[in-house]
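Protein chains: 4
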Amino acid sequence: MNINDLVDHYKSVRNYSLKLTKPLSSEDHNLQPETFVSPAKWHLAHTTWFFEEMLLKPGLKGYKEFNSLFVKLFNSYYQTVGKPFNRAQRGNISRPSLEEVLQYRTFVDEHMLKLFNSSPTNEQKELAELGLNHEQQHQELLLTDIKFAFSINPLNPIYSINGIGINVIQPSTSNEWIDIEEGMHTIGHSGNGFCFDNELGQHQVFLPSFKISKQLVANEEYLAFIEDGGYKDFKFWLDDGWTWINENSIEWPLYWEKIDGNWHSYTLAGMKPIEPKAILTHISYYEANAFAAWKGCRLPTEFEWEAAASKINWGKRWEWTNSAYLPYPGFEISPNAVGEYNGKFMSNQMVLRGSSIATPNGHSRKTYRNFFQPTLRWQFNGIRLAK
Amino acid sequence: MNINDLVDHYKSVRNYSLKLTKPLSSEDHNLQPETFVSPAKWHLAHTTWFFEEMLLKPGLKGYKEFNSLFVKLFNSYYQTVGKPFNRAQRGNISRPSLEEVLQYRTFVDEHMLKLFNSSPTNEQKELAELGLNHEQQHQELLLTDIKFAFSINPLNPIYSINGIGINVIQPSTSNEWIDIEEGMHTIGHSGNGFCFDNELGQHQVFLPSFKISKQLVANEEYLAFIEDGGYKDFKFWLDDGWTWINENSIEWPLYWEKIDGNWHSYTLAGMKPIEPKAILTHISYYEANAFAAWKGCRLPTEFEWEAAASKINWGKRWEWTNSAYLPYPGFEISPNAVGEYNGKFMSNQMVLRGSSIATPNGHSRKTYRNFFQPTLRWQFNGIRLAK
Amino acid sequence: MNINDLVDHYKSVRNYSLKLTKPLSSEDHNLQPETFVSPAKWHLAHTTWFFEEMLLKPGLKGYKEFNSLFVKLFNSYYQTVGKPFNRAQRGNISRPSLEEVLQYRTFVDEHMLKLFNSSPTNEQKELAELGLNHEQQHQELLLTDIKFAFSINPLNPIYSINGIGINVIQPSTSNEWIDIEEGMHTIGHSGNGFCFDNELGQHQVFLPSFKISKQLVANEEYLAFIEDGGYKDFKFWLDDGWTWINENSIEWPLYWEKIDGNWHSYTLAGMKPIEPKAILTHISYYEANAFAAWKGCRLPTEFEWEAAASKINWGKRWEWTNSAYLPYPGFEISPNAVGEYNGKFMSNQMVLRGSSIATPNGHSRKTYRNFFQPTLRWQFNGIRLAK
Amino acid sequence: MNINDLVDHYKSVRNYSLKLTKPLSSEDHNLQPETFVSPAKWHLAHTTWFFEEMLLKPGLKGYKEFNSLFVKLFNSYYQTVGKPFNRAQRGNISRPSLEEVLQYRTFVDEHMLKLFNSSPTNEQKELAELGLNHEQQHQELLLTDIKFAFSINPLNPIYSINGIGINVIQPSTSNEWIDIEEGMHTIGHSGNGFCFDNELGQHQVFLPSFKISKQLVANEEYLAFIEDGGYKDFKFWLDDGWTWINENSIEWPLYWEKIDGNWHSYTLAGMKPIEPKAILTHISYYEANAFAAWKGCRLPTEFEWEAAASKINWGKRWEWTNSAYLPYPGFEISPNAVGEYNGKFMSNQMVLRGSSIATPNGHSRKTYRNFFQPTLRWQFNGIRLAK
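Quick note, the sequences are listed as chains A, B, C and D, same order.
Take 1 as the starting number for the first sequence in this note's numbering and just add one per residue.
Take 1 as the starting number for the second sequence in this note's numbering and just add one per residue.
Take 1 as the starting number for the third sequence in this note's numbering and just add one per residue.
Take 1 as the starting number for the fourth sequence in this note's numbering and just add one per residue.
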């Protein structure tokens with residue numbers, strides 16, 4: 001990797017985090033209405049800590065950490081480097097202040113540039129690249145987290161009047177099925193570009209023939225499911241999903257609300273009417289699966305998705321697949337702290353493929369494996385059908 | 001009540017809230033690590049809303065509320081005026097900002113002064129007095145809440161270097177038992193001064209003779225209980241208390257921590273060594289009860305406490321009594337929203353008497369009935385023995 | 001106490017337990033649908049174990065226990081004699097079988113008679129009397145437990161066609177208020193007859209004048225409360241009670257069910273129509289308190305109840321009082337295992353006075369203090385009003 | 001299918017259920033210490049109800065059900081035929097008695113024979129075959145359920161002195177790795193024999209080369225993992241598994257107990273010493289996965305398992321695979337009640353392959369897909385390694 005390119009990439013990614021948090025007040029920076037949400041300030045600090053912990057402390061000669069207690073606050077889940085702070089309390093870290101966290105970012109950035117200037121090893125360059133991709137993941141989370149956090153406030157705060165993710169219309173509106181022939185497909189990443197460890201172990205997968213929709217499901221299609229009683233009929237639902245919607249009184253997608261008889265949705269631009277032709281978002285795996293069953297279709301597997309990726313319109317919504325998040329053949333876990341990055345989460349989660357309108361530029365590829373528990377809806381998730 | 005005195009009292013109480021929050025940053029103002037804790041900003045807004053809702057809206061001609069949505073955020077538990085905001089989410093109200101809440105305070109203060117200038121009725125003056133006493137209660141909560149909120153931060157933030165409540169030593173250190181003869185005692189409030197509705201219904205109570213300690217229990221006495229295995233022996237504990245300490249692994253008072261073999265406690269002035277002679281604080285009813293059993297004593301009832309109040313040193317710690325929080329004979333509930341102030345909480349709580357070093361000046365009297373669930377420890381609670 | 005009377009009492013009480021369990025099959029003997037319910041077989045074994053543990057093991061020379069492992073199964077909550085069996089699993093003790101438990105009863109009875117024949121000490125006679133009163137308490141629980149257990153079975157099993165507690169009509173139906181003058185009253189037990197330790201410490205209580213209803217509340221009165229929307233209006237409810245009915249969707253008394261538009265209730269004689277004039281039963285403290293508020297009345301305190309006991313009709317329903325279960329002045333706890341009988345439960349429970357149609361003959365007196373958590377409804381509880 | 005063979009099979013399977021329950025008393029028949037355990041009597045009744053509901057009611061002319069309320073008790077999870085009985089209360093069905101349930105079995109058997117004698121359709125024969133396989137699944141559950149239920153009783157009840165599953169030694173003790181070459185493998189069932197719907201949709205799967213152990217893991221190997229601190233080191237564990245063992249204080253397999261320094265295990269023959277060479281059992285997926293990681297190996301996928309099945313020793317333990325339970329390509333769900341049999345459980349469970357010493361004869365095949373949540377340990381589960 002060219003060091004100048006890396007430095008440019010570093011500056012650009014680090015800067016983008018600050019751009020994203022610009023519309024937020026210092027008070028907005030600490031919101032955490034649910035444990036799975038993290039505050040914006042925490043995202044800013046944690047991504048910085050990642051560089052400090054993984055690169056500067058072991059690798060920059062004479063480096064003295066900004067504050068030796070920060071590891072206790074901003075380590076997310078790396079048990080290799082000590083007991084992480086109680087995740088449910090991330091919103092209660094008023095100290096350090098936002099200002100200090102911004103100073104921390106500047107401090108670490110200066111030292112990262114020093115490291116880049118001192119002939120870094122290949123391993124260091126790769127770790128830096130990992131740190132940047134890690135920060136990009138948090139940039140997307142930051143947006144979905146602030147959306148969730150604002151949504152519980154009856155004042156309906158606005159993040160940005162342009163919004164993100166509202167009323168995204170498909171490139172083409174004609175519904176079209178793509179036919180993929182039976183055959184062998186190459187799955188997983190290879191080559192020089194960056195990828196996460198869970199994409200490695202490129203391998204062959206044999207797939208029977210299948211059809212996959214070129215388009216993602218639109219709001220009006222999902223509305224038909226709701227109006228047909230889809231949330232009231234057990235026969236469309238997985239048993240766990242049926243229990244989940246009933247225990248939580250779930251009857252429509254996250255953020256939806258009927259106001260004076262018309263469906264609206266909370267968005268980062270405030271409360272907005274639902275656009276029938278726009279792409280559905282904020283649904284769980286269970287809802288995606290039930291909708292597919294109601295349609296007489298199914299969700300694609302992650303292998304089918306990857307095999308078809310070049311022929312479909314993707315990039316607007318993370319797409320639930322019918323594949324559990326499990327290791328590829330030959331998956332290997334690093335013995336260092338970064339070994340905790342992906343592998344230990346390979347249970348009870350489903351794979352999502354593609355990317356969303358909240359994904360930073362340059363952070364998507366057809367081998368990317370995103371993963372979430374089947375009930376989670378706060379990402380910009382959508383549905384693509386297969387049969 | 002003299003209207004000038006009321007105006008002076010109003011200004012002084014309202015001002016004291018701002019003085020208390022001065023050491024806090026805007027980020028500090030939104031901390032809520034547990035549902036029973038409320039953020040400082042919420043305290044500032046809620047106490048203001050109380051005046052607006054109970055006095056200005058019904059009583060000031062032409063009053064237009066500052067923001068018609070604030071009732072959805074800052075109503076604590078008055079169902080008479082609508083569904084209260086989810087208590088567990090008070091820490092996630094970044095909007096309105098602290099600045100706007102301070103403007104809200106100014107706005108309401110200006111209108112309250114208008115009301116005071118327009119020949120208020122007696123009922124209005126009484127409601128204003130209630131609002132001020134209500135705000136004083138929240139001033140004490142604000143301090144105990146910020147202490148709890150800061151205590152979970154490994155940076156050990158300091159609220160004020162003078163601290164509050166640390167190492168408070170008894171006025172006299174000789175332990176002395178006061179004898180109270182069998183006889184009739186007048187319990188409850190009468191006369192012109194302010195009191196809450198739960199103190200009214202002054203009545204006679206006949207008490208057998210008893211002894212009550214002049215002093216509160218000191219840290220060194222409680223340490224002897226710990227070191228004697230008091231937390232390990234079921235026979236000192238109420239059954240519910242025994243379950244509670246075991247399920248929560250409780251082995252010492254809240255905020256205590258052994259550092260390098262020496263007991264310390266988190267205080268509003270930071271982490272400090274335990275002073276053996278200082279008055280014990282931050283213990284639950286169950287711990288108070290167990291300690292008393294270990295001593296071969298018991299806790300006083302609230303009637304014994306009130307009967308003895310003029311002869312004992314009180315005012316440093318809220319003192320757990322062995323009385324459940326229940327209505328006095330003739331207790332009456334107002335049909336208005338303020339009727340929800342006290343009466344509906346008369347179950348599953350124990351009475352505490354006295355006041356603490358965090359209680360605002362002028363907000364204590366010997367008939368005052370404070371009340372909390374028996375497990376709660378974040379107030380400045382202490383122990384007085386009887387036998 | 002005369003030893004012959006004691007032996008007669010022993011035989012009669014022990015025999016009554018067997019009479020009560022006669023309608024039950026061996027499978028019925030192990031039902032435990034909720035943790036607070038105990039199976040009939042467990043009641044039979046536990047009451048027997050009480051005599052073995054408290055009297056035979058320490059006091060009968062040469063006594064060898066029936067089975068040394070039974071203490072692990074049939075100790076309810078006496079930590080003095082070891083870790084009690086998990087209460088939630090009492091229904092899963094298929095071994096020992098019912099037959100063996102009956103043999104255990106015979107074995108212990110034979111040895112108790114030996115003890116009675118060998119000049120028992122006064123303390124032993126008192127412990128035997130305690131054991132018999134203990135067994136009588138379990139006889140009442142056995143009936144209410146089997147009622148609860150049968151009630152969840154859609155086959156509506158019948159315990160006895162005569163039933164217990166169904167459609168009990170008041171001795172007189174005219175509603176009458178008894179006036180009690182202000183004055184001093186003697187509360188608590190004294191004299192030679194048996195009582196529990198929590199009734200001791202006879203003392204004087206001064207009471208303001210009050211009125212108390214001669215009658216208990218009838219079904220038709222409570223129906224009027226339901227039909228008036230009593231369960232839907234927060235203003236009648238204690239805050240904890242309001243939370244409880246809403247979280248548990250409680251809208252009428254336990255066991256009630258509307259069948260074809262008519263109220264029925266599951267009873268020990270099967271599903272029966274509600275008799276309007278019969279005495280209401282199976283309500284919680286919260287419901288009793290809310291009903292009283294709706295009526296513009298209140299519940300009596302336990303002291304008022306005892307002061308008025310000779311003038312009211314009681315004995316059909318356990319009557320919720322507005323007194324928390326707390327020690328009398330001078331209450332003392334035995335240092336032996338029996339010291340765990342009562343005192344350790346003195347928190348978070350309310351006192352019930354009187355007795356019910358399920359209380360064994362000879363097991364009631366006006367000083368008796370029963371106690372339960374405010375949500376529990378499976379006893380034959382009722383409401384008496386005061387004002 | 002030959003009707004005589006079917007009748008013979010019917011009689012033999014139905015009879016085997018009675019044989020299995022012979023050692024149990026009527027009280028033993030109702031044990032349910034945890035919700036996932038079902039009582040023996042319920043198994044006997046539910047499997048009978050399956051024939052009545054799926055075959056006799058729709059298909060035998062003039063059939064009148066034994067008791068029209070039984071559907072409310074013995075329907076497990078078929079929402080198509082009404083609301084199932086609360087699963088957690090299956091142990092509290094004392095009525096109908098065991099005797100009546102046995103009469104119910106006889107009644108249904110007589111009518112099934114009538115059906116078999118009246119020229120049943122192919123669909124009916126297939127449903128009967130499904131009912132028999134269903135009953136065989138419950139026969140295995142019955143054994144594992146009674147083991148779990150007995151294990152919580154300190155009397156250590158014995159089901160049978162011959163026991164089941166204790167100290168099962170491998171056919172050969174030399175550890176041997178089988179090499180499977182890269183290539184295409186046929187997965188899933190085809191042909192005339194019975195299989196469940198989840199095995200259908202035979203398809204080709206391409207697998208990279210791998211090694212799989214001929215042997216299952218023995219107790220002594222797992223003991224080495226325990227003694228090496230395997231339960232104390234996060235790095236071997238999936239994140240969910242680490243949380244699970246810590247929250248539940250899990251440090252060894254289910255039923256293990258150290259008595260006087262020696263490992264024992266509760267078995268259906270009572271408490272027995274652990275035999276080092278015997279095959280490990282009663283471990284969760286998380287433990288299996290952690291052990292494999294500690295060994296530097298992994299678990300096989302269900303496809304690898306099936307591809308290797310003819311070359312390995314299997315049939316003693318259900319073998320956790322690293323495959324989530326998901327549909328095969330072309331999986332179809334019946335529109336009738338039996339459609340609820342398998343498909344709706346395809347989330348959050350892992351596949352187990354093989355069979356165990358508790359599996360009835362004739363009820364195993366290499367395409368069989370068993371499935372359980374990753375924490376469940378009460379089946380006779382074991383570990384086979386791959387790499």
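There's no promise every hint is true.
If several chains are the same, the list does not tell them apart, and a pair holds so long as it fits within one copy or across any two.
As the list claims (entries may be wrong) - Below 30 Å or equal to it, Euclidean Cα-Cα: the simulated DSS-like pairs (lysine-lysine) are:
| # | residue 1 | residue 2 |
| --- | --- | --- |
| 1 | K295 | K214 |
| 2 | K211 | K258 |
| 3 | K387 | K366 |
| 4 | K211 | K272 |
| 5 | K387 | K272 |
| 6 | K11 | K258 |
| 7 | K311 | K83 |
| 8 | K232 | K258 |
| 9 | K19 | K387 |
| 10 | K83 | K295 |
| 11 | K114 | K344 |
| 12 | K311 | K11 |
| 13 | K57 | K311 |
| 14 | K125 | K64 |
Hints in this document: simulated from the structure, not taken from any laboratory.
Hints, one by one, checked against the model:
1. Within a single copy, K295 and K214 get their C-alpha atoms as close as 16 Å, which meets the 30 Å cut-off; across copies the closest is 45 Å, which misses it.
2. Within a single copy, K211 and K258 get their C-alpha atoms no closer than 35 Å, and across copies no closer than 53 Å, so neither meets the 30 Å cut-off.
3. In this assembly of identical chains, K387 and K366 lie within 30 Å of each other by CA distance both inside one copy and across copies; the values are 20 Å within and 28 Å between.
4. With identical chains, the CA atoms of K211 and K272 are never at most 30 Å apart, being 34 Å at best within one copy and 56 Å at best between copies.
5. Taking the shortest alpha-carbon separations for K387 and K272, neither the intra-copy value of 33 Å nor the inter-copy value of 53 Å comes in at or below 30 Å.
6. Neither within a single protomer nor between protomers do K11 and K258 lie at most 30 Å apart by alpha-carbon distance, with minima of 44 Å and 45 Å respectively.
7. For the homomeric pair K311 and K83, neither the shortest alpha-carbon distance inside one copy (45 Å) nor that between copies (45 Å) is at most 30 Å.
8. For the identical chains of this complex, K232 and K258 are neighbours both inside a copy (18 Å) and across copies (25 Å), given an alpha-carbon limit of 30 Å.
9. Taking identical chains as interchangeable, the C-alpha atoms of K19 and K387 are never at most 30 Å apart, the minima being 42 Å within one chain and 46 Å between chains.
10. Proximity of K83 to K295 under the C-alpha cut-off of 30 Å is restricted to the inter-copy arrangement: shortest distance 26 Å between copies versus 47 Å within a copy.
11. In this assembly of identical chains, K114 and K344 lie within 30 Å of each other by CA distance neither inside one copy nor across copies; the values are 33 Å within and 56 Å between.
12. Taking identical chains as interchangeable, the C-alpha atoms of K311 and K11 are never at most 30 Å apart, the minima being 34 Å within one chain and 56 Å between chains.
13. With identical chains, the CA atoms of K57 and K311 are never at most 30 Å apart, being 45 Å at best within one copy and 51 Å at best between copies.
14. In the homo-oligomer, the alpha carbons of K125 and K64 lie at most 30 Å apart inside one protomer (20 Å), although the nearest pairing across protomers, at 61 Å, exceeds that limit.
Consistency note: the structure conflicts with the earlier hints numbered 2, 4, 5, 6, 7, 9, 11, 12, 13.
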